[in-house]
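Protein chains: 2
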Amino acid sequence: MPEDRSQKTEVRGQKTAVISHQSSVISQQPAEETKDYGLKKDRGQMSEVREAVDYGPWTVDYGLRRGVCEMAAQIIKGKEVAQQIRLELKEEVAKLKEKGIVPGLVTILVGEDPASQVYVKSKVKSCGEIGIESFNHVLPADTSEEELLNLIEKLNKDPKVNGILTQLPLPKHIDTNKVLLAIDPAKDVDGFHPINIGKLNAKKKRKEIDQEGIFLPCTPNGVIELLKRTGVKLRGAETVIVGRSNIVGKPVAMLLLAEDATVTICHTGTKDLGEVTRRADVLIAAVGRPKMITADMVKEGVVVIDVGVNRTPEGLCGDVDFEAVKEKAKAITPVPGGVGPMTITMLLVNTVKSAKVAAGLI
Amino acid sequence: MPEDRSQKTEVRGQKTAVISHQSSVISQQPAEETKDYGLKKDRGQMSEVREAVDYGPWTVDYGLRRGVCEMAAQIIKGKEVAQQIRLELKEEVAKLKEKGIVPGLVTILVGEDPASQVYVKSKVKSCGEIGIESFNHVLPADTSEEELLNLIEKLNKDPKVNGILTQLPLPKHIDTNKVLLAIDPAKDVDGFHPINIGKLNAKKKRKEIDQEGIFLPCTPNGVIELLKRTGVKLRGAETVIVGRSNIVGKPVAMLLLAEDATVTICHTGTKDLGEVTRRADVLIAAVGRPKMITADMVKEGVVVIDVGVNRTPEGLCGDVDFEAVKEKAKAITPVPGGVGPMTITMLLVNTVKSAKVAAGLI
Chain A
1 MPEDRSQKTE VRGQKTAVIS HQSSVISQQP AEETKDYGLK KDRGQMSEVR
51 EAVDYGPWTV DYGLRRGVCE MAAQIIKGKE VAQQIRLELK EEVAKLKEKG
101 IVPGLVTILV GEDPASQVYV KSKVKSCGEI GIESFNHVLP ADTSEEELLN
151 LIEKLNKDPK VNGILTQLPL PKHIDTNKVL LAIDPAKDVD GFHPINIGKL
201 NAKKKRKEID QEGIFLPCTP NGVIELLKRT GVKLRGAETV IVGRSNIVGK
251 PVAMLLLAED ATVTICHTGT KDLGEVTRRA DVLIAAVGRP KMITADMVKE
301 GVVVIDVGVN RTPEGLCGDV DFEAVKEKAK AITPVPGGVG PMTITMLLVN
351 TVKSAKVAAG LI
Chain B
363 MPEDRSQKTE VRGQKTAVIS HQSSVISQQP AEETKDYGLK KDRGQMSEVR
413 EAVDYGPWTV DYGLRRGVCE MAAQIIKGKE VAQQIRLELK EEVAKLKEKG
463 IVPGLVTILV GEDPASQVYV KSKVKSCGEI GIESFNHVLP ADTSEEELLN
513 LIEKLNKDPK VNGILTQLPL PKHIDTNKVL LAIDPAKDVD GFHPINIGKL
563 NAKKKRKEID QEGIFLPCTP NGVIELLKRT GVKLRGAETV IVGRSNIVGK
613 PVAMLLLAED ATVTICHTGT KDLGEVTRRA DVLIAAVGRP KMITADMVKE
663 GVVVIDVGVN RTPEGLCGDV DFEAVKEKAK AITPVPGGVG PMTITMLLVN
713 TVKSAKVAAG LI
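For the protein sequence lines, the chains are A and B, in the order given. In this text, residue positions in the first sequence follow this note's numbering: the first is 1, and each later residue adds one. In this text, residue positions in the second sequence follow this note's numbering: the first is 363, and each later residue adds one.
No lab work stands behind these hints: they were computed from the structure. It is possible that part of the hints are untrue.
Straight-line Cα separation of at most 25 angstroms, BS3-like style, residue types lysine-lysine; simulated pairs [as the list claims (entries may be wrong)]:
id : chain 1 : residue 1 : chain 2 : residue 2
1  : A       : LYS205    : B       : LYS540
2  : A       : LYS178    : B       : LYS519
3  : B       : LYS633    : A       : LYS204
4  : B       : LYS569    : B       : LYS595
5  : A       : LYS204    : B       : LYS565
6  : B       : LYS718    : A       : LYS178
7  : B       : LYS565    : A       : LYS205
8  : A       : LYS328    : A       : LYS299
9  : B       : LYS534    : A       : LYS205
10 : A       : LYS356    : B       : LYS540
11 : B       : LYS566    : A       : LYS178
12 : B       : LYS540    : A       : LYS203
13 : A       : LYS203    : B       : LYS566
14 : B       : LYS569    : A       : LYS271
15 : B       : LYS566    : A       : LYS204
16 : B       : LYS590    : A       : LYS271
17 : B       : LYS540    : A       : LYS207
18 : A       : LYS204    : B       : LYS653
19 : B       : LYS690    : A       : LYS271
Please build the complete structure, drawing on both the sequences and the hints.
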């Protein structure tokens, strides 16, 4: 069944991706219904596709044998990419265990925010699955700032702890900034300590970043990993980021620069947003406004990464009008199931990295 | 004399700038030779000028009374802007002295590099002029890394020292990165400690940056100050930075974002550089390649800041082909005499800021 096949190739990414992307000429349809253009027309179509695909190392299945041509956007399935990374991590953790190294992650939860409880639970579960030891500290909502800082100081010194994660938001009587700064930068697996952000900024190439064992913020790193594993070539690509937040926009910009992409950052102050986003070969939306990126704001063949997660009366949706934009995009992430699953995965990656740095392996 | 007048207005900047900028229609000529278009033609010309000037709060002198129309680019004279800032600083330092606060800057020079000696001498002289106390440590070229680190540790603790500046390059047997990291971030008046870079990145608006007493890297801060004092409106402007260095490109990008500009960063990996630079309302060149930005790479009415300083057989020149680009630009910095004089000035600004933070005034 063609539909099944297409799914599989999306998972494997780069090497086998069927060109089920790019085109507004033919709208996305179930594989069964794709039009038969005949051999000659197929070839004509394909020269266009080849051109659009030029900047990515996509392996194109011209569909000549089948005589059909699937042209809808490739759906970038973050969940499956994340699963693949976790499998790789699991193997790595197993090898570390042979050397007597067991990565350890501490989560700290203050109070009983239900959403935070869900997140922490999910992190603990993910750790267990790949062999990271996790310790969950649950503190009452009236814990003082001093008590929390004392705990962090103790954890900073504990050699069994490679990563410390304070679940936000903290109760209002605690200075979040002070708490985050108290975490040893060498255990800052969230990657938000100014010294880690500063180090990231000071590196020119991704290779240098990886060699030095800097912790990258999880969502931005997830975005880059998703692009790379989907086979999108970033060097020389025009990348446009909508949103200049500290947790996504700015670090994504730095990581894209380290991949030799040309980078533009837009925001609420940008005069004509559509004019800028239409230039993008790769568009990253990270604003938090439901469906604000509409089809007229992208060019044909764009790759779209939607970081937004917005709760609307109709359910979860991203910053991109997915249904409309996917008709023009070469590849696009859905919400949910796109960037989201990458975030915890990159936290696990950082924790394993931290254990390796502590053991002198990086 | 019209030429004199134009000079004066450039110094005062924003409030009185005569529109002696923008146009390729009329090439720059001495004021004495400017063409008389007659009143009617003047008005036609001016509607174009008004449009080009739209995004900046320039005060336009339509020249109607004089019946002439000066259209060449405004030359942004960094030396005079720097002088103005130093005058303001001098007043501030005098007021601090009344409170018993004397800002102190230490320069450390290891070895006898002649260029470094010149730079240090110039810094010491500048400090003296505005009332900053300066201490210059000159160490022999064979000083060990440990000795240097010990000196820095001592200076970190010395309350009379508000800023520590290690003149680069250091001899090869000393790890520069280690030395720079050893400087207390609260005395890092160069603004290159990762924690200062990280803090800069974590702020959304310029106001927040200023309120927190973060030290901004001197050249990037000088670029922004030059733009602001020239009256260039940055909010919503399309700004393009050529060069992604840690000392200029990246921090300038962060500072421009904090001014609500749309920011694009280009570099050697950018496919069609001219295509990108032609979009710029404000173009910052910081590459280190003589005259690489040619007239065909800019649009009419651009504001150009040239950070490059290149030694060529014909003398010093910037990254911008000044003579050709000034015919299209609204305003442009020369090299030398543009950004250069701002750098030491912003070092003085940081030192005074550090003294104020130490005294609890910020």
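Query raised in the report: So which of those numbered hints doesn't the model satisfy?
Result: Hint check: nothing fails, all pass.
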